[in-house]
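Trainee: For reference, the chains in residue letters:
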Amino acid sequence: MTALHLRPASRADPLPVLAAAHRITDDLRDGLAGTRARRAAHRLRRLFGFPGLGLTDLSGALLWSGRPGPDDAVATVLEGVLHSEEPGSAPDVLVLPLHVHDELAGALLVVGDVRDAVAGQAADLVVQALERGRLEASAEQAAQAELRALRAEMSPHFVYNALTVIASLVRSDPDRARDLMLDFADYTRYSLARHGEYTVVAEEFRAIETYLALQRAVLGERLRVQVRVAPEILAVAVPYLVLEPLVENAIRHGIEPRSGTGLVQVHGQAEGNDCVIFVEDDGVGMDPKRAADILAGRVGEDDPAGLGLANVDRRLRDVYGAWYGLTVETETGAGTRVIVRVPRFQPGVLP
Amino acid sequence: MTGLRVLAVDDLPPALDELCRMLGEAPEVGEVVGAGDALKALKLLQADRFDAVFLDISMPGLDGLELASLLAKLSEPPVIVFVTAHDGHAVTAYGIGAVDYLLKPVRAERLSAALAKVTRMATPSGRPTPDAMAALPVESGGRTRYVRRDDVLFVEAHGDYVRLHTRGGVHLVRMPISRLEEYWEGTGFSRVHRGFLLAVGAVLELRSDTAGGLLAHTEAGDVPVSRRHARDLRDRLLEAAQHGQLGPGAR
Chain D
32 MTALHLRPAS RADPLPVLAA AHRITDDLRD GLAGTRARRA AHRLRRLFGF PGLGLTDLSG
92 ALLWSGRPGP DDAVATVLEG VLHSEEPGSA PDVLVLPLHV HDELAGALLV VGDVRDAVAG
152 QAADLVVQAL ERGRLEASAE QAAQAELRAL RAEMSPHFVY NALTVIASLV RSDPDRARDL
212 MLDFADYTRY SLARHGEYTV VAEEFRAIET YLALQRAVLG ERLRVQVRVA PEILAVAVPY
272 LVLEPLVENA IRHGIEPRSG TGLVQVHGQA EGNDCVIFVE DDGVGMDPKR AADILAGRVG
332 EDDPAGLGLA NVDRRLRDVY GAWYGLTVET ETGAGTRVIV RVPRFQPGVL P
Chain R
884 MTGLRVLAVD DLPPALDELC RMLGEAPEVG EVVGAGDALK ALKLLQADRF DAVFLDISMP
944 GLDGLELASL LAKLSEPPVI VFVTAHDGHA VTAYGIGAVD YLLKPVRAER LSAALAKVTR
1004 MATPSGRPTP DAMAALPVES GGRTRYVRRD DVLFVEAHGD YVRLHTRGGV HLVRMPISRL
1064 EEYWEGTGFS RVHRGFLLAV GAVLELRSDT AGGLLAHTEA GDVPVSRRHA RDLRDRLLEA
1124 AQHGQLGPGA R
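One line per chain: the protein sequences are D and R, in this order. Quick note: the first sequence uses the numbering used here, first residue 32, plus one each step. Quick note: the second sequence uses the numbering used here, first residue 884, plus one each step.
If you're looking for bench data, these hints aren't it; they were derived computationally from the structure. As the structure is a prediction and not an experimental result, all values here were calculated from the model. Think of the CB as a built atom: it goes at the ideal place given N, C-alpha and C, for glycine as much as any other residue. Everything hinted at is true.
Residues on chain R that point at chain D, a partial pick, calculated with CB under 7 Å:
1. Leu-1089
2. Asp-1092
3. Thr-1093
4. Ala-1124
5. Leu-1129
Generate the whole structure from the sequences, applying the supplied hints.
Mentor: In structure tokens, the structure reads:
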């Protein structure tokens, strides 16, 4: 770190200097307008031994540590620096622009008899800290955006099948059509929900009940369903739309490709500190190798159900760690059982 | 009671028709008046007394939330229930003092739950105190014993009698289920079916099958849950789970 060169005396023990630089970086993580920027200013001044030091973002509002510079002179020079983006000076004060990723973010003011090079080192330290903070913030945003993108989308296949059935029932059985329309409203409302990342198991079960009511209307006698849930897991927080893609997958691969009836079972229970939910079908099953490929993310764009499974697995592991996520038990011709395992209590995961 | 006088407000004519129709079919409601915008609603409310207003939120001009804030300043404000297509307003709605918040399209069972709340607001008190029946006397072999409410897992209607199902067996008591429901309503029991009153904390598992029927599984057997009551039971189970009030002894 650049700060090491400043005070030769520190060479004997670089740890305090490194620690101070580290704390400054940390304090500037939220930027110059962040709540800890003032503390960063104090630490920076002490580290470099300046008589006075000021920090400002683009608003020009100054945070001072130690002896402030003369008000009038500083205001004029600062305005000039924020406009020209070039360093400026008044008697006893140096004003250095702070460029974060080549974009002006604010200025550093150094008061006292300080060499330009030393003031420059201080500005470099601030800039590096700000750049790092911004990178971290954008990495976090990217991760969140990715999670959002992984969230299940309504399957067009299902949406239009359901609407077709309802359209037909409007003539033959208006009451049933109305019930299904209300279910369809609930289904879309849940799928389009954008409030927060997490919901509770109770809502996930309600969503699959609605989904299954619609699927029963579409598939009729071919689909048999059993849903069982133990009340003690109802309040467990989980990401939105974890179960529905699994049930959709069970119907798509378990029931639809064959003639005759199929049974889909969903069963949720507590196992010690874990909440475990099974989604099971007695359908065509698959090669266990394919299941492994899906969970490893080796799945093609042309396989929406496989993608759905892989996405749920990714989201669960992102939230709860590699230990959790999906397990798939299957064999060709022997049905498929997908097991969701999540902790019943996870710090930071709140509906 | 003569029935509630209710004002329905929505700027979309088909939505207003539907809301008026559903309100008109509800047994609690005596009279329904519809208004196509907030101004018309305001005039009606100034000219006449209403027990409740069912109010759409997003309307041109004065919206539902603004109208509700105005109504709150009346000396005898009507009870307000919001009806909206978008569920982003719930927090604001309750802040204004609405008693309920319905999502469009409205389900009949949700509407009747809202009307129950309205009725409770419009006719305060008058119901029995919850602890009047903490134990019920049962006759067995010429002796009178008491069955504690906390030991009852569910109640089954049996003509003018009820059968109290406990872990230790079934006890017959002469009382209509609807009366027992009134006594036990605030004590963790829920009427989940015309013929069944269920201790919410006694549910070990909810089971549903192909026909869409729902069963609540308890240590003393399975209790059918009617479609109309399924939503309410799920809500109450979630609430109980959130407050750690599940399982034996938690009540």
